[in-house]
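J.: For the record, the sequence lines run as chains A and B. Heads up, the first sequence is in our numbering, so the first residue is 1 and it goes up one at a time. Heads up, the second sequence is in our numbering, so the first residue is 1 and it goes up one at a time.
You can trust all of the hints, since none of them are fake.
EDC-like mimics (lysine to aspartate or glutamate), calculated; alpha carbons at most 20 Å apart, straight line: (1) LYS115(B) with GLU97(B); (2) LYS109(A) with GLU356(B); (3) LYS120(A) with ASP345(B); (4) LYS109(A) with ASP345(B); (5) LYS103(A) with ASP345(B); (6) LYS359(B) with GLU113(A); (7) LYS120(A) with GLU356(B).
Read the hints as simulated data drawn from the structure, not as lab findings.
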Amino acid sequence: MTVVHENLEQADAKMGARSVSVFYGDKKAIDDVSIDIPTEYVTAFIGPSGCGKSTFLRSLNRMNDTIASARVEGEITLDGEDIYKSGMDVVQLRARVGMVFQKPNPFPKSIYENIAYGPKIHGLAEGKTELDEIVEQSLRRAGLWEEVKDRLDDSGTALSGGQQQRLCIARAIAVDPEVILMDEPCSALDPIATAKIEELIDELNGRYAIVIVTHSMQQAARVSQRTAFFHLGKMVEYGRTSDIFTNPLEQRTQDYITGRYG
Amino acid sequence: MSASVLFLLALGLGLAGWMAGRARAWAFRKDTSGGRLAALPNYHAWYVALWIAVPVLLFAVLWSVLSPSLVMQSVLSSPAASDLPAFGFQRDNMLREAHAVATGAAPAVFSDGAKPLIEPFREALARYNLIGLIAALLIAFASGTLAFLRLKPDFAARTKVERAVMALLLLASLVAILTTLGIVASLVFETIRFFGMVNPIDFLFGTHWNPDPMSGADNPDASRYGAIPLFWGTVFIGAIIAMVVAIPLGLMSAIYLTQYADPRLRSWVKPALEILAGVPTVVYGYFAALTVAPMIRDFAHMIGITSASSESALAAGVVMGVMIIPFVSSMADDSIAAVPSAMRDGSLAMGATRSETIKRVLIPAALPGIVAGIMLAVSRAIGETMIVVMAASTAANLSANPFDSMTTVTVQIVAMLTGEASTEHHTTLSAFALGFVLFLVTLALNFVALRVVRRFREAYE
Ligand SMILES: Nc1ncnc2c1ncn2[C@@H]1O[C@H](COP(=O)(O)OP(=O)(O)OP(=O)(O)O)[C@@H](O)[C@H]1O
Ligand SMILES: [Mg+2]
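Just need the whole structure built from these sequences, with the hints factored in.
T.: Here it is, written out as structure tokens:
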């Protein structure tokens with residue numbers, strides 16, 4: 001049902017979805033989606049509002065569990081292991097598959113405590129010096145260190161929107177995940193802050209498998225190498241980002257990227 | 001009697017004016033053949049009705065103040081009054097008896113001297129009732145007619161009526177404010193009188209409380225008025241024991257309800273908790289005195305504390321704690337629910353468990369609201385009277401043993417006011433001083449708590 005471009009290079013799937021459907025109560029929000037998510041590339045999910053991008057993204061780290069009515073069918077794997085199997089440790093899963101939300105949501109704690117939060121609950125640091133190191137390294141990787149190194153005790157909520165979002169990315173990096181899911185991470189930011197985040201995604205690429213949901217065609221084109229187009233709960237087309245944007249095989253994809261419907 | 005007649009009159013005439021005004025306004029509408037009135041007919045009707053009812057009501061108030069003295073004057077100037085004793089208790093009594101018989105409030109007089117006065121009273125009452133009635137009617141007609149004549153198609157009756165409504169609302173809120181001021185003023189006044197007899201330093205810092213209602217009214221023994229044991233008892237029962245019960249239970253139930261309970265259960269448990277807040281405190285008092293206190297005493301004896309009193313601070317404090325669980329839990333519930341769900345999702349997405357999320361993110365973020373709720377609960381607990389009156393003792397006791405009997409500020413206020421001493425006696429006045437201190441403390445607690453809550457609300461908006 002999904003049109004998958006045939007010229008894709010071989011890549012190891014970090015995560016895989018097989019015939020995944022997601023329901024809210026009786027309502028089907030995702031219908032039979034199969035996709036591989038490699039570490040080598042940034043994968044972008046695009047599609048009109050309400051098509052199920054967030055729903056699918058949230059099923060990749062079981063954040064759907066927090067919604068009582070949500071139910072997932074099919075198989076989703078991380079390194080070949082089914083994450084919905086009984087006995088799966090959701091805490092471990094979410095430590096390995098981090099998430100960045102649409103609206104920056106730093107905790108109302110200090111910048112330092114925001115980053116230290118994950119390492120503390122997962123017991124990643126032995127002692128203060130190690131924790132300090134993790135905090136500095138995560139902030140450096142998120143490109144925020146220079147801006148905040150003198151004010152680590154200030155509240156995370158006192159930063160600008162763009163800084164807050166990079167803080168959230170740093171927070172996700174701090175637990176050393178393997179996959180980072182980003183749900184429209186730039187939609188609340190101005191172009192300059194957006195450019196910084198995109199730069200950051202470029203730098204993180206290769207170290208982590210990254211999935212980004214975006215409404216901006218340009219952003220998808222800039223940061224991703226793979227693009228999946230969703231429509232009405234179905235994954236319509238999947239391929240190299242360059243091919244999807246220049247050479248879509250499906251009429252609906254063509255219509256969407258040329259802005260004929262939204 | 002005459003005042004209630006005037007009141008009914010105001011309503012009746014007001015209604016008549018209402019209908020007249022309305023009819024007139026409809027007539028305008030016909031005359032101007034479809035042209036618009038400046039206000040709906042109802043507003044014209046209310047305008048006339050108010051102009052009739054309000055002056056009559058004002059007159060009724062005035063008259064009920066004035067007429068008794070007018071009646072009295074006319075009776076005293078009657079020939080029968082010349083036989084009265086010149087002044088004093090007897091004279092007042094006779095006048096009162098005669099007045100009571102004349103109005104029908106009493107069947108007969110006791111003192112013979114009052115008998116001749118009955119007839120003059122009857123006459124005077126009848127005369128002034130009639131005068132009052134006629135005056136009221138005149139006022140109603142005069143002001144009603146003026147108002148009625150003012151009605152015109154383009155008359156802005158609506159704005160006038162709106163203004164009257166606003167004045168009414170203002171008056172209503174003034175009543176509440178003035179009452180509060182009056183209460184505070186009387187409290188302050190009596191407190192100052194008390195402090196004129198007993199040095200405030202002795203009162204606030206003395207450790208011995210044992211007022212003697214039998215001692216002379218003018219020279220109290222200040223050393224018997226040390227209120228520290230009362231303050232301590234109040235704090236120990238209301239702010240320590242009760243909070244040890246209420247904070248954990250209230251907080252945990254709030255956490256359970258907001259984070260774990262499924263919506264159906266929540267829709268049951270929350271109202272149930274609110275019912276707990278609606279139980280009259282007298283009922284808690286029974287429960288504390290008859291059930292909890294003996295249980296605690298027996299338990300204490302069982303574990304070898306033979307000194308345990310059957311009016312232990314623990315019994316009153318525990319029951320009071322149960323009483324204020326709903327205050328703590330509903331404030332905590334609100335402030336936890338007010339933490340944006342993005343906070344919670346952020347923590348869960350980091351791989352935190354639910355309880356880690358609650359402990360490390362939700363509670364710290366909701367803390368100001370939770371603290372404010374606790375402060376409101378404390379201020380309720382220390383002002384609470386019925387439970388401690390029924391379950392705590394009246395003996396002042398400076399002790400940290402929860403099985404001892406203790407007394408609180410509110411218990412002593414009740415004890416001092418219901419004692420046998422006169423209202424002028426220093427034991428009675430001490431109740432006002434205690435009340436004043438209590439008032440200041442609860443006021444400060446409420447004030448701080450409400451400010452905290454307001455700041456907290458803004459933080460997420
Ligand atoms: N908690 C929920 N309960 C019920 N239905 C939901 C819930 N969340 C989302 N849905 C429904 O699932 C469908 C997909 O929603 P989703 O949020 O995944 O869309 P989206 O592609 O992320 O849209 P957008 O681009 O606007 O974020 C929508 O029809 C939405 O109404
Ligand atoms: Mg979405």
